[in-house]
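Kindly generate the complete structure, drawing on both the sequences and the hints.
Here the protein sequences line up with chains R and F, keeping their order.
Whatever position you read off the first sequence (first residue = 1), add 81 for our numbering.
Whatever position you read off the second sequence (first residue = 1), add 397 for our numbering.
Hints listed in this document are in silico derivations from the structure and should not be mistaken for laboratory results.
A hint or two may mislead.
[As the list claims (entries may be wrong)] Chain R is nowhere near these chain F residues, computed Cβ spacing over 12 Å in every case: (1) E416; (2) E419; (3) E433; (4) I439; (5) T467; (6) R490; (7) G525; (8) E549; (9) K641; (10) R673; (11) G684; (12) K685; (13) D691.
[Stated by the list, open to error] With a straight-line cut-off of 30 Å between C-alpha atoms, the simulated DSSO-like cross-links for lysine-lysine are: (14) F/K626 with R/K312; (15) F/K576 with F/K626; (16) F/K443 with R/K216; (17) F/K626 with R/K249; (18) R/K219 with F/K576; (19) R/K216 with F/K497; (20) R/K219 with F/K420; (21) F/K443 with R/K312; (22) F/K420 with R/K216; (23) F/K423 with R/K307; (24) F/K420 with R/K189; (25) R/K310 with F/K443; (26) F/K553 with R/K219; (27) R/K189 with F/K497; (28) R/K219 with F/K626; (29) R/K92 with R/K109; (30) R/K249 with F/K442; (31) R/K109 with F/K497; (32) F/K423 with R/K219; (33) R/K189 with F/K626; (34) R/K249 with F/K423; (35) F/K443 with F/K420; (36) F/K697 with R/K216; (37) R/K249 with F/K497; (38) F/K497 with R/K219; (39) F/K442 with R/K310; (40) R/K169 with F/K497.
Positions of the beta carbon are idealized from the N, C-alpha and C atoms, including for glycine.
One-letter residues, chain by chain:
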Amino acid sequence: MKITDVDKLAKIANEIRIGIVKEVYYGKSGHPGGSLSCADILTVLYFNQMNINPEQPNSPSRDRFVLSKGHASPALYSTLAERGYFDKKELVTFRGIDSILQGHPDMKHIPGVDMSTGSLGQGLSCANGMALASKLNKDGNRVYCLVGDGEIEEGQIWEAAMSASHYKLDNLCVIVDNNNLQIDGSIEEVMSSYPINFKFESFGFNVINVDGHNTEELIEAFNKAKTVKGKPTAIIAKTIKGKGVSFMENQVGWHGKAPNEEQYKIAMKELGGEI
Amino acid sequence: MDLDIKIATRESYGEKLAELGEKNDKIVVFDADLAEATKTIIFKKKFPNRFFDMGIAEQDMVSTAAGMATCGMIPFVSTFAVFAAGRAYDQIRNSICYPKLNVKICATHSGVSVGEDGATHQMLEDLGLMRGLPNMTVLSVSDDIQTKWAIEEILKINGPVYVRLGRLKSPVIYNENQKFEIGKGIQIGNGNDATVIATGLMVSEAILAKEELEKQGINIRVVDIHTIKPIDRELIVKCAKETKRIITIEDHSIVGGLGSAVCEVLSEEYPTKVTRMGMKDTFGKSGKAEKLLDYFGLTKDAIIKEIKKDM
Numbered sequence: 082m083k084i085t086d087v088d089k090l091a092k093i094a095n096e097i098r099i100g101i102v103k104e105v106y107y108g109k110s111g112h113p114g115g116s117l118s119c120a121d122i123l124t125v126l127y128f129n130q131m132n133i134n135p136e137q138p139n140s141p142s143r144d145r146f147v148l149s150k151g152h153a154s155p156a157l158y159s160t161l162a163e164r165g166y167f168d169k170k171e172l173v174t175f176r177g178i179d180s181i182l183q184g185h186p187d188m189k190h191i192p193g194v195d196m197s198t199g200s201l202g203q204g205l206s207c208a209n210g211m212a213l214a215s216k217l218n219k220d221g222n223r224v225y226c227l228v229g230d231g232e233i234e235e236g237q238i239w240e241a242a243m244s245a246s247h248y249k250l251d252n253l254c255v256i257v258d259n260n261n262l263q264i265d266g267s268i269e270e271v272m273s274s275y276p277i278n279f280k281f282e283s284f285g286f287n288v289i290n291v292d293g294h295n296t297e298e299l300i301e302a303f304n305k306a307k308t309v310k311g312k313p314t315a316i317i318a319k320t321i322k323g324k325g326v327s328f329m330e331n332q333v334g335w336h337g338k339a340p341n342e343e344q345y346k347i348a349m350k351e352l353g354g355e356i
Numbered sequence: 398m399d400l401d402i403k404i405a406t407r408e409s410y411g412e413k414l415a416e417l418g419e420k421n422d423k424i425v426v427f428d429a430d431l432a433e434a435t436k437t438i439i440f441k442k443k444f445p446n447r448f449f450d451m452g453i454a455e456q457d458m459v460s461t462a463a464g465m466a467t468c469g470m471i472p473f474v475s476t477f478a479v480f481a482a483g484r485a486y487d488q489i490r491n492s493i494c495y496p497k498l499n500v501k502i503c504a505t506h507s508g509v510s511v512g513e514d515g516a517t518h519q520m521l522e523d524l525g526l527m528r529g530l531p532n533m534t535v536l537s538v539s540d541d542i543q544t545k546w547a548i549e550e551i552l553k554i555n556g557p558v559y560v561r562l563g564r565l566k567s568p569v570i571y572n573e574n575q576k577f578e579i580g581k582g583i584q585i586g587n588g589n590d591a592t593v594i595a596t597g598l599m600v601s602e603a604i605l606a607k608e609e610l611e612k613q614g615i616n617i618r619v620v621d622i623h624t625i626k627p628i629d630r631e632l633i634v635k636c637a638k639e640t641k642r643i644i645t646i647e648d649h650s651i652v653g654g655l656g657s658a659v660c661e662v663l664s665e666e667y668p669t670k671v672t673r674m675g676m677k678d679t680f681g682k683s684g685k686a687e688k689l690l691d692y693f694g695l696t697k698d699a700i701i702k703e704i705k706k707d708m
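What follows is the structure, given as C-alpha cells:
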C-alpha cells in the first residue's frame, strides 16, 4: 500500500491522532505531546514510504522503523493499528496490566514493533545494527529511526551518529522530532541540543530541514534521502508538541499527562473523533 | 590433570571464535578498540567483513549488536569486562535482555588478576550485575578446554549470554574428553572435610589446595561452577549435606557474585554456614597479577589457611 494523495494522508494522520488521545485517556497515563508531534512523520513512513506488509510483520527484507524516543509509543501503536498490524480496539488497553501495549515499545509482544525501546539514546545504535546487517546480507532494505530533540542530549546518540557515518550507512534515515520541548522546559532552557542540523552535518550526515507537519515536504525529503549514497541522512523535522489538540500545543505540561474526561471530550471534538 | 600448562581464557576465546566463524556465517564480532587484547583480532583477520570495530564507544557497540541480532545475525561483543558489564549495563539490560536478543557478550580482563592497570580496569561486580538480569545466562569459565566448549555451546542458546574471561594465563585443568553442561557444576574429588566452590581463575587454585591438603590428611572436594546462572542448585545442596564446610572463592566481589549466589541457594534449600572468599567489598589496585592475588587472599595458600583455621 502506497498512498500518495496528501489529503488522504492527512486524514490518516488525524485518525492516528485520535488513537493517540484515546490511548492516553483510557490508559490514564502516557505521553501525548511528543506522540502528537510525530504523527505526520509516522503517517508518511508507514503509508507512503516503507516497504512493509502487516500480514508478514517479521519478513526479513522489510524496511524497519525504530522509535528511539520510545515514550511516543501511543503514536507508534496508533499507526500500527491504523496500518492493520493489530485491531484498533487494542488501543484503549494501552498501559493496562493485561495489554500487549506496554508503556514503551516491546518487540516481543506487539506485532510490527521492530525494536524494544524506552531508555533514551539507544535506538539509533540499534537502527545502525539493522542497517549494517542489511548491507552485510545485501537485503536492500532501509532503516528509519525517530529520535527526539531532547533525546539527542544523550551521549550515545552521538556515538551512533559517528558510527552511522563511519560505516557509510546510506540505507539509514534518522528523523529528529524537533518539537522544542522536553519535560523540564524548552530545549534551550534545559540543555540546548541546537544547532541540530549542523551537528548532524558535522558528523557526516546528509541533512534535510523540513516542516514536520507538511506531508509533501516529508515525502520529498524521504525520497531525496534514498538517492544519497555513501552517507546517512538526517531529517530535522520542525514540529509542534501536542499538534492537533489546541490546549496541548506547545505546552510543556502535556509531555507526560493524561487528559481528564472534559479535556478528552474537547480533544475529540477538535479531532472529529468518536468518544 | 597437568596444571603446568597455562593459557589465558581470552586466548582460548579468540581462537575458538575464529574457528566457529568458518562454520557459521551468521556470526559477527564487535569490539571497542581492544581487538588485540580481547583476541577478537584472530576473527578480524580471518573475516574482516564480519568484524566491526566500534571505536571507544561501548554503549553504541552493545546496542548496535542488539539491532543486528534482530536481523538474524549472531553478534559476539567483546571488550574489557568493566566496559561491557559496567559502562554498557543499561544497553545490555534494555537493548539486549528485555527483548531477549541473541547477543553473546564475551568480556575479557575480569577480576583483580588484570594486574597493573589497577582498580579502574579490574571488574569485580560483573557477575552480580549480569546475573540480576532476566533472560541472561552467565558463564565464568575456568580453563582453556572449558572456554572452547562454552563458546561453541552458547550458540545453542537463542538469547543473551555473558561469558566472563580472564587476562592472566591460567592452568589447563581439563582434558579433551571432559563433559560439560550449561547449568551443571563439576565436582572434583569426594572429600568430606570441606567443599570449595570456585569459579574462573580460582578453580585451579582450589584444586592445588585440595592436592596439598590431601598430603596432610585433609580431604576436601572442589566444585567448579562455570555457569553462574542458572546455577547448579542440586550439586550445591548435595555438597552442603555431604561435607563439613562450604567455602566459595572468586576473583570478584563477595557481594553479588558466586558467593552470594551460593548463599541464596543454601539459605532457601539447606541453611548452611558459608565462608565467602573473594574481594571483600574493596577496589583492587595496581601490581603484578600474581602478587595481587596473594595480597587479596585469592590463592591456594589462602584456601588452605582458611580450611585449617577451623580444624
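Now for the hints, and whether the structure bears them out:
Distance to chain R confirms F/E416 as a non-interface residue, since its nearest Cβ pair spans about 20 Å, more than 12 Å. Against chain R, the non-interface label of F/E419 holds: every CB pair exceeds 12 Å, the least being about 17 Å. Every CB of chain R is more than 12 Å from the CB of F/E433 (nearest about 20 Å), matching its label as outside the interface. Against chain R, the non-interface label of F/I439 holds: every CB pair exceeds 12 Å, the least being about 20 Å.
Annotated as non-interface, F/T467 brings its C-beta within 12 Å of a C-beta of chain R; the closest such distance is 6 Å. The claim that F/R490 is not at the interface with chain R is violated, since a C-beta of that chain comes within 12 Å of its own (minimum 8 Å). Remark: the non-interface label on F/G525 is consistent with the geometry, its nearest Cβ contact in chain R lying 20 Å away (cut-off 12 Å). At roughly 22 Å, the least C-beta separation between F/E549 and chain R is larger than 12 Å, which holds for a residue marked as non-interface.
Under the 12 Å C-beta cut-off, the non-interface status given to F/K641 relative to chain R holds; the minimum distance is some 47 Å. The beta carbon of F/R673 sits about 33 Å from the closest Cβ of chain R, which is more than 12 Å, so the claim that it is off the interface holds. At roughly 33 Å, the least C-beta separation between F/G684 and chain R is larger than 12 Å, which holds for a residue marked as non-interface. Every Cβ of chain R is farther than 12 Å from the Cβ of F/K685; the closest lies at roughly 34 Å, confirming the non-interface assignment.
Residue placement check: F/D691 keeps its beta carbon more than 12 Å from all beta carbons of chain R (closest about 39 Å). For a cut-off of 30 Å, the pair hint linking F/K626 to R/K312 is broken: about 42 Å separates their Cα positions. Our distance criterion of 30 Å between C-alpha atoms is met by F/K576 and F/K626, whose separation comes to about 18 Å. Restraint check for F/K443 and R/K216: satisfied, since their Cα atoms lie roughly 19 Å apart, inside the 30 Å limit.
Pair hint F/K626 plus R/K249 does not hold up; C-alpha atoms about 39 Å apart against a cutoff of 30 Å. Among the hinted pairs, R/K219 with F/K576 is inconsistent with the structure: their alpha-carbon atoms are about 40 Å apart, more than 30 Å. Distance hint between R/K216 and F/K497 is fulfilled; the C-alpha atoms sit about 24 Å from each other, no more than 30 Å. A hinted pair counts as satisfied when its Cα atoms are at most 30 Å apart, and R/K219 with F/K420 qualifies at roughly 20 Å.
Restraint check: the Cα-Cα separation between F/K443 and R/K312 comes to about 27 Å, which is no more than 30 Å; the hinted pair holds. Proposed proximity of F/K420 and R/K216 is supported: the alpha carbons are some 21 Å apart, at most 30 Å. Between the alpha carbons of F/K423 and R/K307 the distance comes to roughly 27 Å, so the proposed pair stays at or under 30 Å and holds. Distance hint between F/K420 and R/K189 is fulfilled; the C-alpha atoms sit about 29 Å from each other, no more than 30 Å.
Distance restraint check for R/K310 and F/K443: the Cα-Cα separation of roughly 28 Å lies within the 30 Å cut-off, and the hinted pair is therefore satisfied. For the hint linking F/K553 to R/K219, the alpha-carbon distance of about 26 Å falls within 30 Å, and the restraint holds. Between R/K189 and F/K497, the direct Cα distance comes to roughly 8 Å. Compliance with the 30 Å bound is thereby established for this hinted pair. About 37 Å separates the Cα atoms of R/K219 and F/K626, which puts this hinted pair outside 30 Å; it is violated.
Only pairs whose Cα atoms come within 30 Å are accepted, and R/K92 paired with R/K109 is accepted, the gap being roughly 26 Å. With a C-alpha separation of about 22 Å, the suggested pairing of R/K249 with F/K442 holds against the 30 Å cut-off. Of the pairs offered as hints, the one joining R/K109 and F/K497 holds, with about 29 Å between alpha carbons and a cut-off of 30 Å not exceeded. Our distance criterion of 30 Å between C-alpha atoms is met by F/K423 and R/K219, whose separation comes to about 14 Å.
A distance of roughly 23 Å separates the Cα atoms of R/K189 and F/K626; the hinted pair therefore holds under the 30 Å criterion. In summary, the hint linking R/K249 to F/K423 is supported, as the alpha carbons are separated by about 21 Å, within the 30 Å threshold. The suggested pairing of F/K443 with F/K420 holds, with an alpha-carbon distance near 13 Å, which does not exceed 30 Å. In summary, the hint linking F/K697 to R/K216 is not supported, as the alpha carbons are separated by about 51 Å, beyond the 30 Å threshold.
Restraint check for R/K249 and F/K497: satisfied, since their Cα atoms lie roughly 28 Å apart, inside the 30 Å limit. For the given pair, F/K497 sits about 25 Å from R/K219 by alpha-carbon distance, which is consistent with the 30 Å threshold. Annotation: proposed proximity of F/K442 to R/K310 holds, straight-line Cα distance about 28 Å (limit 30 Å). Distance restraint check for R/K169 and F/K497: the Cα-Cα separation of roughly 27 Å lies within the 30 Å cut-off, and the hinted pair is therefore satisfied.
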